[in-house]
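K.L.:
Sequence:
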Amino acid sequence: MTEIKDLYTKRVIDNRNVKMIDAIKELLGKADVHSLDIAVGYFYLSGLLLIKDEFIRFMMEQQGHFNILMGNETNHATQQLLAANDGKEEYFEQLPEIINQDTMAVSDTAFLRQVGQWINQHRIEVKVYTGEANYFHAKSYLFCHSAEGLDGYALVGSSNFSRNGLEGNTELNVMSRDTFPVLKEWFDTIWQSGEVEPYDEKLIAAIEQKVPALANERSYQTVAETYHDYATLFGVPYADLNADLPWVKMLYPHQQSGVVEISDKLNTFGTAVLSDGVGLGKTRTTAGIIRQGLDQGTIHQVLLIADSKLVTQWVEEMATVGVHENCFQQMTRQRFTLLKKPELDLLAKQYDMIVIDEAHLGFKSRKAKAYAHLQYVFEASDEKIKGLLLTATPWNNSREDVLNLGSLFLSIDRIPSDRKYRDIFQFGNNGKAIRELANDNEAFNQFWDDLFLQRTRKTYGGKSVEYAKREFPVIEIPYEPRKNQLFGENFERISGLNFAYMDPMRYVGDSRNQVGVDRLKMILLKRADSSWRAYHDSLTSIVNKLEKLSSQLDGIQHSTKQAPDLRTFLANAYKLDAYNEQKLGGLREAFYGQDPDDGLDDTESSDLLPSEERSNQQKRRYFNRISAQVQSVNEHTAKRAVARMSQDTAQDLTILKPLLRDLESAYANRDEKLEGVKQYLLKELSLGRKVIVVSSFKTTAEYYFTQLKRMPEFNKDKIGLITGGDAANFIGGQEVSRKEILDRFSPRSKNRVDLIDSPKEINLLIGTDTISAGQNLQDAQVIMNLDLPYNPMILEQRIGRIDRPRDVSKTKSIYVYTFPVYQTIDAELKMSERLDKKMEGVMEDTQFDNAVLPNAEYMNFLKQAKATKGNAVQKMLDDTVQKTVVKAGLSSEKHSEQYQIANRRMYDAKIEPIVRTKEPVIPKVSFASGAVHGVAVLQLTFNDVNQALLAKKNIVVDLTNVDNDSVTNGEQQLHDALNTGIDGTSKLNESTAKLSVSKLDAVFRQVLEREVAKYNQAMRQSEGAIGALKDRVAEQTAKAIEESVRNSANRTMIMNKIQEAGLTPKFIGKLTQNIRTIDQDSPLYEDVVEISRDVNLFWLNFSYYADQFDLGNIELTGKRQLSRMDVRLADSSQSKYELLLANVKI
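Under my numbering, the first residue of the sequence shown carries the number 377, and numbering increases by one thereafter.
Treat the hints with care, since some could be wrong.
[To be verified] Listed below are the simulated DMTMM-like cross-link pairs for lysine to aspartate or glutamate, each with C-alpha atoms no more than 20 Å apart in a straight line:
hint : residue 1 : residue 2
1    : Lys-1059  : Glu-1089
2    : Lys-1521  : Asp-1377
3    : Lys-1126  : Glu-701
4    : Lys-1286  : Asp-408
5    : Lys-428   : Asp-527
6    : Lys-1136  : Glu-1089
Calculated directly from the structure, the hints in this document are not laboratory data.
It should be emphasised that the depicted structure is a prediction, and the values quoted were computed from it without experimental measurement.
With the hints as extra help, turn the sequences into a complete structure.
P.N.:
What follows is the structure, encoded as structure tokens:
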């Protein structure tokens, strides 16, 4: 019985343990084998029948090539003939007859006809040895990876290509890879020598005797040729990491491909955004990218901006792939934001790459200080620093988020000239350009495809990465009646609260919104859902604040003049004295550490970043506005405001104090939720599963930790608590570091072999969401959620700590517990619906960044929670993750594993030579049957009404659906058609084939009309975008300057001004181009407005304006020269299509 595994272990093929026929089938079936060279004493065509299915697949799917070198050894009768005549001449005279007899014995005429066609196509070539040696006694089978034959498998020994040699006789053959190159060289030497003669024609003659129709058959282009042409158009080189390197072995296959793809983007564009979903291991992938860059010498020093809690995690991940700590420095976003300008200048010189972890926090908005700081560093480096941003959530229902992230380190010089988004960025990398780009589908798709890589567990779909199944147990806790009553009354009680101490200015003027108040109400409901202790502590804190406020208001009301006291109260509430004393309106000394007495006017203006100047102005305006409102309070307004605040405060206390008493009374003896969590904890721990218990609130986490470690059923020394950085983290009663707790809880994922099964290993971890960012804790199988965050992405991040790629044969499922209080869910739903209109704008702006406002997915969960239970949680997560996936049109297909597979096949086919059909019936067209779709590729030429060329474009067309198709789908259809191709007129009548092709003209013209309409729509959109990007005032100002230059009366004055500034006349042209990039978002806009009113001001203060509008003061890529975009429309009657290839389904 054949044991094919022995082929790779023992490598002996003797037709006893391993049969030669099975070895040939095994190696012929390898996808990377494209050529088979055999040298045997005699070749029997009938022997191909033994491997018929594998051989057909090899020839059709793998576009195989088969070379046969046969000798002068045959059966016993032939040997006697050779011996008696002592010569080969008579043997070769009789060889055709021997071949004929073998061929006539083949009963499968369809297969024989197919072999004949392949011989006609020169995909099967046969030569016979005619050299001086008595016999050609070789027995070798070479399975080549490519036509060059540099690598492959060799079977060498005693087996001829006959039934007995392949499975009947006891033979002795061996498999080798080491000897393949020299054996291939030996084969090629003889094949190309004068010792052999072609035998194709005689073999064809023998086949035609058996299949007479073959002689008159005409050939169509094969599907393999069409596939090769398709691959030539769309296949692009791909790179693989060296799998033999130790650090590469530490990466999953999808991480390896991520390293290659992101590295290519960084080298091409200078920036990239890795947006893989939670659980795909962005940290490890990034470590691999850095290691690759260090090895290739493209980077040397890296700055990593990441959360302080992940410092150790990053060090460990870097070490896993061999990146030493001296190659990178870590810094928190908060610290980076506080850096002074000289320190930012130093960063620009010190680092050649910056990595931003969790980039959606602080870097999706251009208004954020951290964003402005990085813009400055990038500019100060002369746009040489590479930027890699990491985020699982680049998409917040807003393309502007994507564009802001991707353009942070983007230099226009690196954007290929054929990219549409380059034209828009030439008007400035600013908010206005981003908004216009967001509305241009084609430009946005190009931008996304060039700079982003996003894969999720579903969109990646790789067989090489397996995940355990997610189970969602929902535990319904039975509460006693008075607690249910408390939960049921929560909405009415909480919704009536006013929190007068929050933003008290709203009592002075009615125009201020109450978003902060509404947020606090939502938080209170969420804390009630989390634990009674968290709810109780919050209510107690609020009562204390209200009592303090009540006392202050009583004092004001007893004053003879309430206005001065209220103004003092408000100034203290908004800390206006602190603003004034620290000059936070200017913020100069805070940013530079100056002594306040130094004086603002004595500081060089060059010390301040443009973003700081804008920020200072905004803070100053805020300070002035609030100060003005406070000072405007008169006696009448004060009395009214104080009375309202006092009334609301009293009302709140009337609600909250009884609520606190009821809560304390209800939970005096029993906490049913704690008991339920305990029950299922003991169950999971008894099954040997590690458990993470997580809450949004520190109070809840600490409460459960304190209660559980007191219970005799639990070993307190096996319970860990993490609620922040390295402070207040415990195992049992001992305070330990965050790293030690994580190592002891998940030693396998942390590579802490010394802790596995040791007394120090723990099995229960309690904490807040601080443990949810970037940690791999897949030693655990269970996560218990004491509450659900309003932002479901936080829940996804919690699950992502344990839902990592793993061996699913050992861990088939992970378990995500929830403990809903349905009365609280009802209260949350009512509150959310009541606040929906007021919060709508805020929710849209903070959907993924704000954890205290419920988004649409959480709202849907609230509505479905009772009915569908665990399914509601799963659907909420699926919907949330799906919303983070950018819909970037067809271009986003390149992020999928399906595209990677397709491209690999295409490029492998592209670099292999193809044997062409001689004089096919219909050039460029092949035919296939079966379930496949027809596919065509057209080259469209867009011409204007005057037949002038505008553009050319290749598109893939699905002929079955008459619609545009993706490169991936087109490749799959063609690849599937390789097995069902129709390559001759015996299978498809020539007139039928030509009629099918003639009908395609109408289809292609329909496609052309549609594409011309799309092209013109895009041109109109671009024309509108250009108009929108050009600020009208800036354009008028630039033109006014240019006209004044052309005025001969100004020539002497202008030349004098230019010379005084030490400049040349050419500088004026650059200056006006720069002015055109300035819009209302720029701090220089006021200067532009002044010049527009009187162009003489420009020349009067030329040195000042020349400096202001120089490249150094124009932000980002707006510095570059503008080029004129061609927005002419295409004419459908003048535009044309050319068929590049087609595979027609019959």
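K.L.:
Each hint should be assessed against the structure and marked as holding or not.
P.N.:
Hints, one by one, checked against the model:
Under the criterion of a C-alpha separation no larger than 20 Å, the hint pairing Lys-1059 with Glu-1089 is consistent with the structure, at around 11 Å. Between the alpha carbons of Lys-1521 and Asp-1377 the distance comes to roughly 15 Å, so the proposed pair stays at or under 20 Å and holds. Restraint check: the Cα-Cα separation between Lys-1126 and Glu-701 comes to about 18 Å, which is no more than 20 Å; the hinted pair holds. Restraint check for Lys-1286 and Asp-408: the C-alpha separation of about 13 Å stays at or below 20 Å, so the hint holds.
With a C-alpha separation of about 25 Å, the suggested pairing of Lys-428 with Asp-527 is violated against the 20 Å cut-off. As the CA atoms of Lys-1136 and Glu-1089 are separated by approximately 18 Å, the hinted pair is consistent with the 20 Å bound.
Of the numbered hints stated above, the single one contradicted by the structure is hint 5.
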